[in-house]
Each structure stands twice: as structure tokens, then as C-alpha cells.
Amino acid sequence: VGLLSKNMVEVNLFSALAVGAVILLLYHYIAKKYHYFLTKPIPCIKPTFLLGIFDMVVLKRVELVFGSKLLYNSYPDAKIIGYYELTKPTYMVRDPEMIKKIAIKDFDSFTDRTPVFGDAVPADSLFFNSLFSLRGQKWRDMRSTLSPAFTGSRMRHMAELVVKCATSMTDFIHSEAKAGRRLEFNMKDTFSRFVCDAIASVAFGIEVDSFRDPENEFYNKGNETQKVHTFKSLATFVTLRFVPFLQKVFNFDFVDANVAGYFKKLILDNMDQRKKQGIVRNDLVNMLMETKKGALKYEEPDLQFSEGYATVEESHVGKSTHSRIWTDNELISQCFFFFFAAFDNVSSILAFLSYELTVNQDIQRRLYEEIAVTESTLNGQPITYEALQKMAYLDMVVSEALRKYPTATLTDRYANKDYVFDDEEGLRFVIEKGKTIWIPMLALHHDPKYFPEPERFDPERFSEDNRSKIVPGTYLPFGAGPRSCIGPRLALLEVKMALYHLVKDFNLQASEKTQIPLRLSKSAFTMQAENGVWLELKARPKA
Numbered sequence: 002v003g004l005l006s007k008n009m010v011e012v013n014l015f016s017a018l019a020v021g022a023v024i025l026l027l028y029h030y031i032a033k034k035y036h037y038f039l040t041k042p043i044p045c046i047k048p049t050f051l052l053g054i055f056d057m058v059v060l061k062r063v064e065l066v067f068g069s070k071l072l073y074n075s076y077p078d079a080k081i082i083g084y085y086e087l088t089k090p091t092y093m094v095r096d097p098e099m100i101k102k103i104a105i106k107d108f109d110s111f112t113d114r115t116p117v118f119g120d121a122v123p124a125d126s127l128f129f130n131s132l133f134s135l136r137g138q139k140w141r142d143m144r145s146t147l148s149p150a151f152t153g154s155r156m157r158h159m160a161e162l163v164v165k166c167a168t169s170m171t172d173f174i175h176s177e178a179k180a181g182r183r184l185e186f187n188m189k190d191t192f193s194r195f196v197c198d199a200i201a202s203v204a205f206g207i208e209v210d211s212f213r214d215p216e217n218e219f220y221n222k223g224n225e226t227q228k229v230h231t232f233k234s235l236a237t238f239v240t241l242r243f244v245p246f247l248q249k250v251f252n253f254d255f256v257d258a259n260v261a262g263y264f265k266k267l268i269l270d271n272m273d274q275r276k277k278q279g280i281v282r283n284d285l286v287n288m289l290m291e292t293k294k295g296a297l298k299y300e301e302p303d304l305q306f307s308e309g310y311a312t313v314e315e316s317h318v319g320k321s322t323h324s325r326i327w328t329d330n331e332l333i334s335q336c337f338f339f340f341f342a343a344f345d346n347v348s349s350i351l352a353f354l355s356y357e358l359t360v361n362q363d364i365q366r367r368l369y370e371e372i373a374v375t376e377s378t379l380n381g382q383p384i385t386y387e388a389l390q391k392m393a394y395l396d397m398v399v400s401e402a403l404r405k406y407p408t409a410t411l412t413d414r415y416a417n418k419d420y421v422f423d424d425e426e427g428l429r430f431v432i433e434k435g436k437t438i439w440i441p442m443l444a445l446h447h448d449p450k451y452f453p454e455p456e457r458f459d460p461e462r463f464s465e466d467n468r469s470k471i472v473p474g475t476y477l478p479f480g481a482g483p484r485s486c487i488g489p490r491l492a493l494l495e496v497k498m499a500l501y502h503l504v505k506d507f508n509l510q511a512s513e514k515t516q517i518p519l520r521l522s523k524s525a526f527t528m529q530a531e532n533g534v535w536l537e538l539k540a541r542p543k544a
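The opening residue of the sequence shown carries number 2 in our numbering; numbering runs sequentially from there.
Some clues are possibly wrong.
Think about it this way: if two alpha-carbon atoms lie no more than 27 Å apart in a straight line, the pair counts; the simulated DSS-like pairs of lysine-lysine are [to be verified]:
1. K101 <-> K505
2. K450 <-> K70
3. K47 <-> K89
4. K33 <-> K101
5. K434 <-> K80
6. K450 <-> K89
7. K434 <-> K47
8. K179 <-> K523
9. K89 <-> K33
Just so you know, these hints were derived from the structure itself, not from any lab.
From just these sequences and the hints, can you work out the full model?
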């Protein structure tokens with residue numbers, strides 16, 4: 002018995018030593034990963050073991066959307082900084098000149114976004130077949146395929162569809178007033194319904210009324226797509242990004258299979274009906290059908306008027322041609338992603354805009370005065386795309402909202418080859434192939450060096466006299482370079498059209514539920530008000 006006990010002690014001791022050795026080796030293996038920036042001539046944010054900089058996310062020390070701002074402010078004099086996402090070395094570019102160089106001049110070294118799951122991408126995924134996620138030549142071909150759909154001339158036709166949705170929104174609010182109901186709304190919900198109806202019409206070619214039929218299937222499915230903006234989804238995203246083989250195990254996609262199936266059937270049935278009945282409509286579905294026939298061509302923008310300060314000019318990539326033939330699923334993915342992106346982004350910026358007009362009544366009055374002048378020139382007809390674009394103060398207000406509340410707080414670029422970072426002032430080193438570079442739009446927009454008193458809502462920053470003072474590369478509401486957002490004209494059209502009709506008919510006021518100052522959610526990784534944006538509307542006297 003004594004000998005047996007002695008042997009068991011020796012076995013247990015050996016096992017403990019073996020486990021300890023494995024843990025020690027694993028610790029040194031991981032710790033060595035944190036040596037990467039020791040060889041680089043740039044500052045690096047000290048990582049938390051295993052988490053890197055994600056400790057602030059896990060512990061919720063800061064709102065997710067402001068995490069990038071915290072990193073950006075860590076080294077205020079640096080042009081580029083390093084940090085670790087878990088154990089992965091990552092860069093953040095702070096210098097506007099170097100941002101322009103990476104995003105535009107040296108774009109061929111950074112053509113792609115960072116792959117989320119490596120090569121383990123679901124073949125039939127709507128999200129991963131969208132323009133946002135595509136890579137390499139396939140992305141270039143899709144960009145040039147879709148660019149003609151978002152020119153100014155196309156927006157003129159789409160404006161006719163969007164104006165109907167904006168009018169439907171204000172008509173509903175008037176009907177609530179006539180019914181004796183108090184006009185107190187969560188503006189995020191109100192604008193989500195407007196955006197849903199607008200995208201249904203513009204992108205999917207169907208008519209829905211999410212105000213009078215609040216539980217319609219299209220709106221409910223749209224709401225389901227937004228679950229990706231939760232902390233849980235972010236945690237899943239981060240985990241699978243660093244352990245990509247788990248994607249195949251769990252078959253994870255950003256879009257629920259039932260929701261994806263609904264949108265696929267909706268578009269295919271719509272396209273089939275149009276083919277059979279010869280229906281032609283000025284919307285995205287029609288343009289995708291033209292694309293399949295090779296009939297959609299890029300048109301140069303009309304330079305007679307500005308299409309908004311925030312608009313991004315299309316690059317040479319979008320104006321090029323190709324002979325690739327797209328599958329139905331690839332085209333449907335684009336249609337779906339426009340809805341996915343606009344549903345939250347456009348409704349959020351409109352909600353923040355309505356809040357700022359409420360707490361800045363002088364700005365709301367001036368905007369209303371411009372709207373009244375514009376309305377007097379229309380002879381009772383709906384506002385046109387051209388008339389909307391001529392409204393200088395409206396553009397200033399929207400531009401400032403996109404500065405203070407950018408819909409995307411960060412954008413990334415992926416080094417598809419070794420790249421020599423050279424600021425031509427002595428800072429020169431190699432960023433290896435496969436590394437990610439982040440461009441911090443929110444932090445730039447809130448940097449007092451570029452935008453004094455950044456927390457103040459001041460449309461005058463974007464007046465004709467002041468625009469020239471904005472440092473190029475510091476205002477990036479839709480990204481930068483060939484990989485910027487493809488649909489800024491459509492997004493701006495929806496924002497301006499909704500704002501025009503709402504302020505024309507109603508005065509926006511605070512109610513008991515209005516949170517002043519507005520606080521942001523700590524768990525959402527897009528800019529979201531903590532408790533919504535609750536306001537009261539007062540009908541303006543009829544002229």
C-alpha cells in the first residue's frame with residue numbers, strides 16, 4: 002500500500018509539473034506576440050494579457066463607440082500608433098496626410114477590408130457576398146457594377162419615391178394629432194419606419210406603410226437584421242475572427258437564415274414578376290436587372306449644383322468596366338446590404354439630428370426659414386432633388402450631424418502586401434502583409450485640433466466661408482478613397498428629405514422623456530442613444 006501511495010504521489014507530481022510546463026510554454030508563446038511593436042519606431046498601447054485592448058470593452062469602462070477615441074487620444078502627437086486586438090498587432094493611423102496616402106494614393110496596397118473569418122465564408126451568405134465584404138478583383142468588379150446606380154441622375158428618379166415616404170410619415174403624424182393623441186415619439190423608431198418604407202421602395206421595389214401597419218413583415222424582418230449591433234454579436238464576431246474554424250462548426254452568419262430566406266424570395270419574386278409583366282421602375286431592383294443584361298453604365302455627375310459636402314466622389318474603380326456575370330445571390334446580397342446598412346445608420350443620424358434641433362432652437366428656426374423659402378418656389382408641388390440640393394443651410398446642418406455622430410466610428414484597411422510607411426519626415430518602417438490599419442473617423446471628428454469645441458453642434462463649420470478651413474483627411478463621414486461608402490448620395494437624400502418634411506410641418510420640442518444631455522449606450526457598437534431620442538412635435542400653423 003505504501004509503495005502504491007508513493008507511486009501515485011509521483012504520478013500526480015509529474016502531472017502537475019507537466020501541466021505547469023504547458024501553461025508556462027503557452028504563457029511565453031502568447032507573451033512573445035506582445036513583442037511585435039518593440040521593433041517598430043512608434044508608440045504602442047500596453048496590452049492586457051490575452052485581451053490586448055479589449056479589456057476596456059469587456060469591463061465596459063467606456064462606451065464601445067468611444068473606444069477608438071480613447072486609443073486615439075493615448076498619444077496625441079503620434080502619426081500612427083500600435084495596439085493589440087487580443088494578441089493580434091494592429092495599427093491606428095492618426096495623421097490626416099497619412100490617412101489620405103493609405104486610403105487613396107497607395108490604395109493598391111490596401112484594397113481590402115480585414116477578412117472576418119479568413120476563407121471560412123458561407124457561400125450563400127448575403128452579408129459576406131455584399132460589396133462591403135468582397136475582396137480583390139471581385140470587389141472591384143462589383144463596385145464598378147453598382148456605381149452607376151448611385152449617380153446624381155439616378156437620385157433624381159429615386160427622390161420621387163423617397164418624397165412619398167417622407168410625406169407618408171408627416172401625414173401619419175398629422176392624423177395622430179387629429180385623433181387627439183399627444184405627439185410624443187421615440188424619434189429613432191419614427192425614422193426607422195420612414196427608412197424602412199424608403200428602402201422598401203427604392204431598393205426592393207415594393208410599397209409598405211410601417212406607420213399605419215406597424216407590424217408589417219418587412220419592417221419586422223428589418224428589425225431582426227439589427228441584432229448584429231449588440232454586445233453579444235460583437236463578442237461572437239471577435240471570437241470567430243480569431244478562431245475562424247469555429248465558423249464552420251457553428252455556421253455563424255450575421256444574418257439569420259429565416260431573414261435571409263425572406264429577402265431572397267422577396268427580390269426573386271419581384272424580378273420574376275417584372276420580367277413577365279414588363280414592369281419598369283426607377284429603383285435598385287430594376288438597376289440590378291439592367292446589370293444582368295449589361296445595360297447599366299456609369300454617368301458622370303451633373304456639376305450644375307453641389308450634391309452635399311459629405312458626398313464622396315466615385316473613384317476610377319467605380320468608373321471602370323468588366324465582363325463578369327453575376328449570380329442572382331450575388332446581386333440580391335447587394336440589395337439586402339443597402340437595407341441592412343441604411344436601416345440603422347440613416348435612422349440614427351436622423352434621430353440625433355432631431356435631438357440637436359430640439360436643444361438648439363435657433364438652428365431649428367433658421368432651418369425652417371430656409372425650408373419656407375424653398376417651399377414658396379415649388380408652386381405646391383413636391384420638392385425635387387435639385388431643389389433639395391440647393392438648400393445650403395440644410396446641407397450645413399446635416400454635415401455637422403455627420404461630424405458629431407458619424408454612422409461608422411472606424412473603418413479598416415488590410416495590407417495585401419508589405420507596405421513602407423513613410424511620412425517623409427523621418428518616420429519610416431514596414432507594415433507587413435496581413436496587418437490591419439484602422440482609420441478613426443469619430444476620433445478625428447472630435448479632435449479639437451481640427452474641430453474646436455467638438456461637442457458643440459455648430460453647422461457654421463460647414464458654411465461656404467469655413468469649409469476651406471477643414472483639414473483634408475479629418476472629415477470622413479462616409480470613409481475615404483475607392484473603398485468608401487458607395488451610397489452617400491442616397492443616404493443624404495433620405496436624411497434631407499425626412500428632415501425637410503418634418504421641420505416644414507412640425508416644431509421639434511423636448512418632452513418629459515427627453516434625455517438632456519443625451520447619453521450613449523455602452524453596449525451598442527454603433528452610436529445609439531441610451532434610452533432613445535424622445536421628443537414632442539407641435540404642428541406649425543398652415544401658411
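Item to check | Hints the structure fails to honour | outcome: 1, 4, 6, 8
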